[in-house]
Amino acid sequence: GQQLNQSPQSMFIQEGEDVSMNCTSSSIFNTWLWYKQDPGEGPVLLIALYKAGELTSNGRLTAQFGITRKDSFLNISASIPSDVGIYFCAGPHIQGAQKLVFGQGTRLTINP
Amino acid sequence: GAVVSQHPSRVICKSGTSVKIECRSLDFQATTMFWYRQFPKKSLMLMATSNEGSKATYEQGVEKDKFLINHASLTLSTLTVTSAHPEDSSFYICSASAVSVNQPQHFGDGTRLSIL
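Protein chains in written order, with the working numbering: chain G, 98 to 209; chain H, 7 to 122.
Please note that the accuracy of each hint is not assured.
Unchecked claim - Subject to a maximum C-alpha distance of 27 Å in a straight line, what follows is the list of computed BS3-like cross-link-like pairs (lysine-lysine): (1) H/Lys26 / G/Lys196; (2) H/Lys26 / H/Lys61; (3) H/Lys20 / G/Lys167; (4) H/Lys61 / G/Lys196; (5) G/Lys196 / H/Lys48; (6) H/Lys72 / G/Lys196; (7) G/Lys196 / H/Lys47; (8) G/Lys196 / H/Lys70; (9) H/Lys20 / H/Lys70; (10) G/Lys167 / H/Lys47.
By construction, these hints were calculated from the structure, which means they are not laboratory data.
Generate coordinates for the entire structure from the input sequences, incorporating the hints supplied.
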């Protein structure tokens, strides 16, 4: 089915370290979206990817659309305390109508 | 960038009360909005798709008579939790995307609903 599997489920790192997380699926996606959710708030769009092989940056964040269209990764360089939160990948639902499928999320914790 | 406003941010009320949550797209028109429910430490669960000028489309297992959705204009959708009970307590989030193709969804800040 159209499941998105995110790994790792949680990360505990030191401030200043680089972070890498990924999202995989058994089915092809034509769009990959990465969102970040802070506690008690709604998800905020970080990066949107629309083309296989595309590599896009947003400040210290970099995301790539896998060439097979079945995966995507998100990297964060030189992590800072405000990077703490849950990172979700998402892609268009097979039913269309602008619906999204979400991964389970990667919870990032940073030790100062 | 695209902004979605959700109100109220927090509601605490007694069991049996009906609660209305508003979702507004502030700087774009949205023919479609979405309502999600999120349990602690879980991902977002889509409840329904709100369609401007027509009935909402509910996901399997979501009671449409319990969760009433109205999308009266291109910038406003409302979710009413009718006769709320403690098990309806949750974090409810709306999202919207602009009419143009390939516009990603933008989310509101969510509503924390607590039913006593």
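Status of the hints after comparison with the structure:
no.: 1; hint: H/Lys26 / G/Lys196; result: 23 Å, holds
no.: 2; hint: H/Lys26 / H/Lys61; result: 17 Å, holds
no.: 3; hint: H/Lys20 / G/Lys167; result: 46 Å, violated
no.: 4; hint: H/Lys61 / G/Lys196; result: 16 Å, holds
no.: 5; hint: G/Lys196 / H/Lys48; result: 18 Å, holds
no.: 6; hint: H/Lys72 / G/Lys196; result: 22 Å, holds
no.: 7; hint: G/Lys196 / H/Lys47; result: 22 Å, holds
no.: 8; hint: G/Lys196 / H/Lys70; result: 18 Å, holds
no.: 9; hint: H/Lys20 / H/Lys70; result: 21 Å, holds
no.: 10; hint: G/Lys167 / H/Lys47; result: 25 Å, holds
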